[in-house]
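The residues making up each chain are set out below.
2 protein chains.
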Amino acid sequence: MAEEKNGSVPAVTRSEARQTGITRETLIALHETDGVGRISIATILLHGLKKGKDSLKHASHFMPMDWKDMGLHASQASAIVASLTPEAAVRRARRHETREMKVVTYLDEEYPDLLYQINDPPWILYYKGKWELTSNPAIAIVGTRLATGYGRKMTEDIAAGCAQRMTVVSGLARGIDAAAHSGALRGDYGTIAVLAGGVDVCYPPENKSLYRELAVHGLIISESPPDTILKPGLFPLRNRIIAGLSFGVIVVEAAQRSGALITADLALGYNRDIFVVPGQVTSPRSKGALEYFRKGANPVLDESDIFQAYSHRLPPRELFAISLPETASADSETAVLTPDESRIYNILLDQPCSRDDLTVQSGMTFGHLHSVLLSLQIKRRIHQQPGSVYHVL
Amino acid sequence: MAEEKNGSVPAVTRSEARQTGITRETLIALHETDGVGRISIATILLHGLKKGKDSLKHASHFMPMDWKDMGLHASQASAIVASLTPEAAVRRARRHETREMKVVTYLDEEYPDLLYQINDPPWILYYKGKWELTSNPAIAIVGTRLATGYGRKMTEDIAAGCAQRMTVVSGLARGIDAAAHSGALRGDYGTIAVLAGGVDVCYPPENKSLYRELAVHGLIISESPPDTILKPGLFPLRNRIIAGLSFGVIVVEAAQRSGALITADLALGYNRDIFVVPGQVTSPRSKGALEYFRKGANPVLDESDIFQAYSHRLPPRELFAISLPETASADSETAVLTPDESRIYNILLDQPCSRDDLTVQSGMTFGHLHSVLLSLQIKRRIHQQPGSVYHVL
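So the protein lines, in turn, are chains A and B.
Per my numbering, residue 1198 is the first one in the first sequence, and the count goes up by one each step.
Per my numbering, residue 1198 is the first one in the second sequence, and the count goes up by one each step.
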């Protein structure tokens, strides 16, 4: 893989690729040959398709000339020939085995449907963990690496909520990504980390324990072969897989021109939905995310907004034990108040008020108001400040 | 006015009202008669309409029996007769004059078109200031009385921005309302305060200086006659006028069940738009506002979102000298950076990075990166911390 620039990859459908007779072993070998990139592989497949059925079936016996005839450089041709020897195949298989990674190719039935639909799907995916997570409905959560406490909390909560009915996809980066994976590990539907480098290397290293947990309870995916050297260009390629695997992308916090927005832009290009967690307009950490409202993004306050958006694409709710601790506790809080107590409490929720203010606003008699205020104090819901000013606790 | 419960007011069109021959003096007298409310006035007009053209023209000569025949109580009938004497009319006119308030009735051409369209428009409006502001396109801004610094800042900025092309309507309450009026006073299109009590009394008293400025440079409106005693029921009635005068309502910060949300709900009922200024989902002051996203509210980051929403209903932009100091300065900030400097600056905007991190992320050579970092430090855009970690200033 790599060495080629980002240009658009010619479209080859899976059935076209299969018609060429190319084996998954050949596809993996091509992908792992230095100097052969995504576009070269597409070129080879298109040539094979033109030549006729099964024309690439015996690619391991091709001479350098055969590869050059497809328009490849001499250096690429000889590298491919070396890569397709039985010895090279054994070395590759052993390397995958020792690094404990498995491989799914574009040709395979288990290739994720949604990812197949993007305009430049990866030819090869390496993984560690539970591949079956890729058949779940999935939602991506992305954002800045330098998240605020607010951003991290929202991410964890929304990820945990979403993971009750969807698999959460992110990039194992610092900040929002890490919070998304941690939160989602609490839900039944788990989480997928898409890495820019090989799945056998944890980057960034500080997420090591998360990485280990994902390798067992979640799924770690990458397009990069083992021993790939990390470079900036790999991150946007990784981001297209995050967007490609998911129904939509939730952007939590992102400064203007933040890397997370590449994922969001790719998702827009793939006709996937964008969701934005509201934040303060004046926060530089929110600016980039909030701008997506102007591109039609939907606000998300909690997981229910996501479930609502995909109600027709999610398994029915009754299959799941959904716990909504926050809503429940909020309800039970007001449940213990009488209607008049609630009324006063809600006035005070808006702002602290003096007893005189409350008399005007509630329309209650002084005596009745007095007893309601007393009761709210006993229930430890409000507090009286000097000067008979009341505020909520 | 008043004494009646909030029930729905039967619809009487302006031309129907005029057909009855009722004079604006009679309408004002009825409105200012204790015990005669909005529904009684509608009942009187509907009876007059049934009786035929000009049947209410000589209402000032009616006997109590005539009023009782329309279904009014004996006490209402005698109060109305007393209210329609020439002496009472003189007293009323003198009172309006000494309080420096003017009156617009439902019958008048200058009655605001948008307000006329709601299902229970006021029969009478009292005002101080520039009535002509009611013919401008208008946007309401409402929110909690206990605003945060963020809420106040956003309100002032958005109000000042909107007031370049629209008149800003609010309720002169503490917090968001006050910030909306102050901000809008900076724009050419000014601001309208709708009060729950009479326009001759400033409530809350702490907004006295704002009130005085509005009486001269803006407009203060109320449905309440002079000497109205403030009570809770008047606030929702006031809120319907705020919503009724406006194309839409911007909710800035509002706790759940905050009074500001009454205005938003009324606006939804009148098919007006709701806009919400994003805030933190975890902030109790934002919760009520953010809920409106689920009812189809549009996010507003600055006035451009409002102008965009009403582009077809606003006078063309070239008529106005629009100053966008913030955007301009943001542009000029980045303008002084070279492309490579911008790239590094934007990476650092996302999070502080070490020089090694920057090498990986930028793909620049060490030497070039070094000179870019130096230049950004000279331009005082970034700062180097111990350990060669850089962050933006």
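Treat the hints loosely; a few may be bogus.
[Stated by the list, open to error] Restricting the straight-line Cα-Cα distance to at most 20 Å, the calculated cross-link-like pairs of lysine to aspartate or glutamate (DMTMM-like) are:
1. Lys1428/A to Asp1499/B
2. Lys1248/A to Asp1231/A
3. Lys1492/A to Asp1499/B
4. Lys1248/B to Glu1213/B
5. Lys1492/B to Asp1502/A
6. Lys1492/B to Asp1499/A
7. Lys1299/B to Glu1222/B
8. Lys1492/B to Asp1263/A
9. Lys1248/B to Asp1231/B
10. Lys1327/B to Asp1310/B
11. Lys1350/B to Glu1488/A
[Stated by the list, open to error] Examples of chain B residues lying across from chain A (beta carbon under 10 Å, computed):
12. Gly1384
13. Ser1480
14. Asp1502
15. Pro1512
16. Arg1552
Don't read these hints as lab results, they were simulated from the structure.
Here the structure is a predicted model, which is why all the values come from computation and not from measurement.
Glycine included, C-beta positions come from ideal geometry on N, C-alpha and C.
Status of the hints after comparison with the structure:
Simply put, Lys1428/A and Asp1499/B have alpha-carbon atoms about 38 Å apart, too far for the 20 Å limit, and the pair is violated. For a cut-off of 20 Å, the pair hint linking Lys1248/A to Asp1231/A is broken: about 25 Å separates their Cα positions. Using a Cα cut-off of 20 Å, the hinted pair Lys1492/A and Asp1499/B holds, with the two alpha carbons roughly 15 Å apart. A C-alpha spacing of about 12 Å is found between Lys1248/B and Glu1213/B, which places the hinted pair at or below 20 Å, so the restraint holds.
At roughly 12 Å between alpha-carbon atoms, Lys1492/B and Asp1502/A fall within 20 Å of each other, so this suggested pair holds. Restraint check for Lys1492/B and Asp1499/A: the C-alpha separation of about 15 Å stays at or below 20 Å, so the hint holds. The hinted pair formed by Lys1299/B and Glu1222/B meets the criterion: a straight-line CA distance of about 13 Å does not exceed 20 Å. This hinted pair does not check out: Lys1492/B and Asp1263/A have alpha carbons roughly 63 Å apart, beyond 20 Å.
The suggested pairing of Lys1248/B with Asp1231/B is violated, with an alpha-carbon distance near 25 Å, which exceeds 20 Å. Restraint check for Lys1327/B and Asp1310/B: satisfied, since their Cα atoms lie roughly 16 Å apart, inside the 20 Å limit. Restraint check for Lys1350/B and Glu1488/A: satisfied, since their Cα atoms lie roughly 19 Å apart, inside the 20 Å limit. Checking Gly1384/B against chain A by beta carbon gives a least distance of about 19 Å; that is not within 10 Å, so the hint is violated.
Interface hint status for Ser1480/B: upheld, as the beta-carbon distance to the closest one in chain A is roughly 9 Å, under 10 Å. Taking 10 Å as the C-beta cut-off, the interface hint given for Asp1502/B holds, the closest approach to chain A being about 7 Å. Using the Cβ-Cβ criterion of 10 Å, the hint placing Pro1512/B at the interface with chain A is not satisfied: the shortest such distance is roughly 23 Å. Using the Cβ-Cβ criterion of 10 Å, the hint placing Arg1552/B at the interface with chain A is not satisfied: the shortest such distance is roughly 15 Å.
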